[in-house]
Structures are given as C-alpha cells and as structure tokens.
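Same order as they appear, the protein sequences are chains A and H. Here the first sequence stands for residues 5 to 418, where the numbers follow the numbering used here. Here the second sequence stands for residues 5 to 418, where the numbers follow the numbering used here.
Don't take each hint at face value.
When chains are identical, the list treats them as one kind, so a pair holds in a single copy or across two.
As the list claims (entries may be wrong) - With a straight-line Cα cutoff of 20 Å, these simulated EDC-like cross-link-like pairs (lysine to aspartate or glutamate) come out: (1) Lys325 / Glu37; (2) Lys355 / Asp62; (3) Lys110 / Glu330; (4) Lys355 / Glu366; (5) Lys42 / Glu382; (6) Lys355 / Glu189; (7) Lys68 / Asp279.
Think of the hints as simulated: they come from the structure by calculation, not from any bench.
Residues per chain, in single letters:
Protein chains: 2
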Amino acid sequence: MINVAVMGHGTVGSGVVEVLLKNHDSIAKKAGEEINIKYVLDLREFPDSPLHDRFVKDFSIIEKDPAVKVVVECMGGLHPAYDFVKACLLAGKSVATSNKELVAEKGAELLRIAKDKNVNFLFEASVGGGIPIIRPLNQCLAANEVYEIAGILNGTTNFILSKMIHEQMSFDDALALAQKLGYAERDPSADIEGADACRKICILASLAFGKHVYPNQVHTEGITKITLEDVEYASNYGGVVKLLGRVKKLDDGRLSVMVSPAIVERSGQLAGVEDVFNAILVRGDAIGDVVFYGRGAGKLPTASAVVADVIDCAKHVNRRKLLFWEDKAEGYIADYLEVPTRFYVRLSAQKPMETLAAIREEFGEVQRLSRPGAPDDELAFVTGEGPEGELRSKLDVLKKQGAQVLGMIRLCDY
Amino acid sequence: MINVAVMGHGTVGSGVVEVLLKNHDSIAKKAGEEINIKYVLDLREFPDSPLHDRFVKDFSIIEKDPAVKVVVECMGGLHPAYDFVKACLLAGKSVATSNKELVAEKGAELLRIAKDKNVNFLFEASVGGGIPIIRPLNQCLAANEVYEIAGILNGTTNFILSKMIHEQMSFDDALALAQKLGYAERDPSADIEGADACRKICILASLAFGKHVYPNQVHTEGITKITLEDVEYASNYGGVVKLLGRVKKLDDGRLSVMVSPAIVERSGQLAGVEDVFNAILVRGDAIGDVVFYGRGAGKLPTASAVVADVIDCAKHVNRRKLLFWEDKAEGYIADYLEVPTRFYVRLSAQKPMETLAAIREEFGEVQRLSRPGAPDDELAFVTGEGPEGELRSKLDVLKKQGAQVLGMIRLCDY
C-alpha cells in the first residue's frame, strides 16, 4: 500500500480525491499497489467529504510522516506551494503537481532536488490539463530531435476567439460570456494577457530542449487587442486567429519562445481547435507533426492527469523517472525582434494612395486583404518574411507618414 | 552500453537504423546508456549500409548472443517474426516491434512470456505508426476508466476517402492514385478490406480493457462498397465518411468491437482528419475525449516510435514496464447485430411512394436525405437507433417489397 497526501482540496485537489476513490480498484491494479489517501491538507473544513477524518491543517504532519511516500500538490500559486513541495522532496517524498506556475518558475530547482533525493517530481497535469503531453514528449518522442512546439494552451482565450470568429461576438461580450459559463475567472488577466499560456510553453520548452526557460524570458502578448475587424481580415486571408504558445530551435542552437496571437491557415492542424479545447503540435525530425488534443482544463481531466502521475510515483518508489532539465543558460533565448516572422497589418491612412505607395516602398509587393464595409481609409495586408525588428522599423516609416497601425498579428504555418 | 539487434532491414527496419545512428548522442542521453546496433538480420545484402559489416542471415547468432539485450522486430508478417520474437523473449531479451499482425494475433502469449522472463515486450509503433498512443493509453490515462476508443487507423483508406469527399474522385481512381503515390500496396486488400485497421483496434481494445481481442472476433468491413453517391448523401446529412476502428464497453461489461465505414458529423473530432493522417480518440470517465493525431505510417515516424521503445527497454533492463493483458475470455465480445446503432440507407425503389410508406411503417419518421441529380427511384434516409439486427430485419421487409439496398453506412458521434 502506498500512502498519499493531497495538498489543496479545491477544484483539482477534490477531483484527485474523487478519481482515486472512484477508480480505486483499477488504479491499484495499474499501480501494482493500493493507493491510500492518508491526509488531505486544506485550511477549510469539508465535513461532507468521505475523507473528512483525514483532513489536516498543519503541513508538518505530512512532512514528518515517513509513511507518506507520495504527495499531490494542487494548491496553486507559488507560496506556500513551492515551500511545501521543496520540503516534501527534501524529506524523500515524490511529488505530483498540477501547478504550472510552480513548475514554470521553480522546475529546474525542484527537479534537481528530486534527482539528489532519488525521488520523482512529476507534473503531467501542468500543461494541457488532462491531455497527455509531458510523458509523450519525454518518452514516446525520445527518438526524435524535436525542433518546434506550438500549442493552443489556454482554453479561456480559445473560447473567446472562437466566439469572435464564428459568432462575430465582440471581445468584451465573449469574455463576459466566458465568465458567466465559468470558463474565465473574475480577474481574467492571467488568461487573456497570456501569462497562463506562457507558463505552459515554458514547461514544454524546458522539457523538450533540456534547459529551463523562465516566464520572464518569454515575449508574451495576450488577445486583448484583437478586434472583430482583425478576425474578418484573417478570414479573408484564409485563416483564423489563435493564441499560440510556441518554441522553436533556431539554427544557431538558441530558442525562440513566444506567446502571442497568430493567424493560422484554416486548413492547418490547429485551426479547427474550437471553444475551450487545447491542442499541442510537436514537430520532430523523425515523427513529423504530431498533435495532442483534448480538454486543457476542468476538474476531472486535470485530476486524471495528476492521478496518472501518482500511479507512476507508486510504481517508481526508490527509482527515478528520467525527467529532468538543467537550469537556464545565458544567451539561450533569442530576442524576439531578431526572429524572422510575417505580419498581418491593419492601418488607418489619411492618404491611402500615398500610404499604399509607402507600403510598396518598404515591403515590396504585399498581399492586400479586404473586408466588407471597411472604411475608405483602412488598409490591410500581409508582409513577406523578415526579422521582426526590421518589419517593425518599416512600419515606423509608415507611421511617420501619418498611418496609424490599428492591428498587427503574426502569421504561423501550423 | 546496450547491444541491440534489428531484425528486418525493410522500410521500418532501415528507418530504425537511420534514427539510431543519426540521433545517437541524444538517444544515449535519454536512455542513460549508449545504444549499439550489434547485428542487423536480413537475408538480403546491403553493401552500402554504414553497418554492412554487422549484417547476419542466421537468427541463431542473435538468439545465442547473451550480449544482445534488446531486439527490434521489423520483419512484418506472422512467420518467422513470431517464432523469432518468442525465442528472443525466452532467451531473456526485451523486444520492440512495429508488427501489428504479430501483436494482434500473439500479443497475450508474448506478453505472458515477457512477464515470466522479466523482460519487456513493447509495440508503440504497431498502432498509429509514430503517434504516441500505447504509452499514453497505458500510463497517462491510467487514472481513467476508458470506455470507448475510436480511430482513423489506416492512412491508405483515409486518403482514398478524402479524395472521394473533396475531389469527387471515384473509389477506383482514388485507389489507383494512392498506389501511384506509394500509399497503397500493389495488393491493397489488407488496407481497403479493413484488416489493417482491425489489427490495430484489436491491440487498442486488448490494452485498454485488459483481455486479448483477436482479429477473427471483430466484425470488419472495408471501404470497397462506398460510392460517390454515399459520400454526397453523407455530405447532405452534414457528415463525412471515414473508416473507423472502434471499441466500446457495453453496460453488461462485454465489448463491442468493429471496423467499418462510418458517417461522422462534420464538426466532430475525427471529421477533419484528412489524407494519410491517422487520429485516435479515447473517451475516459475523467478525461472526457482526448485525440492523438499524426502520421500513422511512414518510415521515419514509425521508426521513431520503435526507437522510443528501444530507449525504454534500455532504461528498464531487468525491470518490467507494467504493460500486460490477459488472454481472451469467453463471451467477452458482443455480437455486432446486438449492438445499438443508426444507419444511413440508400435504396432503389421501383415504387418510391409505396417504399416510402413502408419505410415509415418500419422505421417511423426518418430523416430524408437528398442529392442533386438523384434518379427518381432513389431514396436515402437515416434511421433512429436500434440493435443492428433489428434495423437489418426492417430493411429485409423493404427488400421483400421490391426495394434494393444500394448503400448503408453506420452513423457515429465522434
């Protein structure tokens, strides 16, 4: 029998308890051992829980109980989650967490401690909720040189964009609807500003390329500036707007990592991912493109991923899974302004003919886009490829000539 | 250093050699040991291979060399692959195979031998080529009670159907094109008659539900009877025709397993899978729907999955991965005629009004379908849900009244 402690009895934590109880027998079979929840750590009272007599409020009870071999962390946030997880690892307990902020900010350090202590630190649920991605990336695709990952990593923003694309709902209305349906928090900034997707791409980049990428190293843009006009032009181009987290290994060995809205072609593999669904595309030298698709959040999907980690921890007591990355390296992340890209640009031009001439001057022949009912002073086009900084300098020339940039979105080939 | 033998130097086997050589260093890092190809078994000569001095023609050299810890089987077919793999396992060597026929026909026996000998028998590449599915199903989704799996498991037939759907190409022309492009064998029957998809769903069903399902227990229909008319009616219904392998756990604990064409709604998760791509949808109680998508065949994708297994074997010498299922059980597979389904039906009726009345009599109110240019004596409709045998009996009544069934395809909600 393996004794487990669950820290945090919120949405995911209570889901973990539910899955462990409901599928108790089949989980025991797969783990090779019965899994027993010895403690649940939460400051709140849950008198109706079937485990109500196992709730504790004092973390040190878990830390000091040598019978607890595996600890589940579903508290969220950095503190005290980080302190508790670190203490558990140092005490020789394996940890499974769903906490993306924790892994994105402290992964390298915690993986190092786990290695030193010969225990496991697993986090399948931290990216993509219930979608299996960490283990496939680490194991199934191990024979590949992965060179690129791109994903729709945030369900809330994908829901909002889906409503904008298919129902011409404004950003504000779509956000309000997402909040009403419980898909967005009352303070939605971590979703709509891209921080959530940023943490997830950091984890994927760290795992795939072996060195920690921290959120503050990643250029991150959310979807708050996307308008229905942009969505319409994207459609005229033959694409849809998605919020993508992406990482690519450059020829010089550095990584380009970014979170931003992107226009992907309608026939692409990420274009059809709608509503709150997530999808992660992995490009490897042998495998080509592989896509993992499913619900990226939600109580039971996320809980099931955490429990899969618990099963793995139970199967690997005193043995380590080879899941590891080094701490960050200097000069490892390329400045996003150096990285080649293409842009869709929407301008307001007081003198459209002159601006058009200037566009040709700066960008050469560009693909013009149109939308029904566009004002006469509006121009939209897609640029050729160039380092982002250069493209932005060219736009600055247009701005100096009186054009106003109303929207710009990168183009991606996923 | 782990010594490996590769049996079979055809498409997949030569790909395995290529990936092991090309990504030698990163693979060594992930395996924790250098992987050395000690032998390649093939009856042919490959003087241009960088490993030409390691080719052997006599299997017993591999079998009797205790230095060989891991054997890769990429010969295909049942014999001598089965005999060789069995001998390797009995000799205490782990085996990684891409051979779906071998796993579908002999999986339970080989897994039992591997268990007894404390070695591993892995087959990630046998379903979905390079798409990670065996490991995710076995590990990442371990916390779930999986109750349904459905997949587009054969790239050749999906290519043919895609051409029929999007380019109105006839079945024969699309098959000829597939052959020309190298997607279909000169003898395409294993693909177009469904045998290939059948082997794969057998493996998935065996793994997910724990008891071996053999190909001869599975009702299997190919796509040779699908016409452009059916494709058009499917479109009118709002769907597309796909060849699906699927397994579902029934309420009484038995399995329904089948390979057949199916109409899936255009907004569904498998409808957008085009050309030679494969996709596998897994439904679990906690996870909901998860989809794995990618190239289901091809030299390097398949080879990369085999090499991932080799890495896992290297990491688990003298330790077993918990990958196992029992042999088949009596009464475990439900007769497909008992299982509830819905049908699209296309009829030729000499007296359409009378047949229409008979349809109403037998099936109640049905949804009629139309297509431009349909002859006057053609009727198409979709039935409500009922046990397949009952629906077929009702059609027999129509046939007795002179109607001729031109096409019938099951409807699925994936």
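Results of checking the hints against the structure:
Within a single copy, Lys325 and Glu37 get their C-alpha atoms as close as 18 Å, and across copies as close as 15 Å, so both meet the 20 Å cut-off. In this assembly of identical chains, the alpha carbons of Lys355 and Asp62 never lie at most 20 Å apart, being 69 Å within a copy and 80 Å across copies at closest. When the C-alpha separation of Lys110 and Glu330 is checked against a cutoff of 20 Å, the pair qualifies only within one copy, where the shortest distance is 11 Å, while the shortest distance between copies is 42 Å. In this assembly of identical chains, the alpha carbons of Lys355 and Glu366 lie at most 20 Å apart only when taken from the same copy (16 Å versus 70 Å across copies).
Proximity of Lys42 and Glu382 under a CA criterion of 20 Å is satisfied in neither setting, with 64 Å inside one chain copy and 67 Å between copies. For the identical chains of this complex, Lys355 and Glu189 are neighbours neither inside a copy (43 Å) nor across copies (61 Å), given an alpha-carbon limit of 20 Å. With identical chains, the CA atoms of Lys68 and Asp279 are never at most 20 Å apart, being 44 Å at best within one copy and 57 Å at best between copies.
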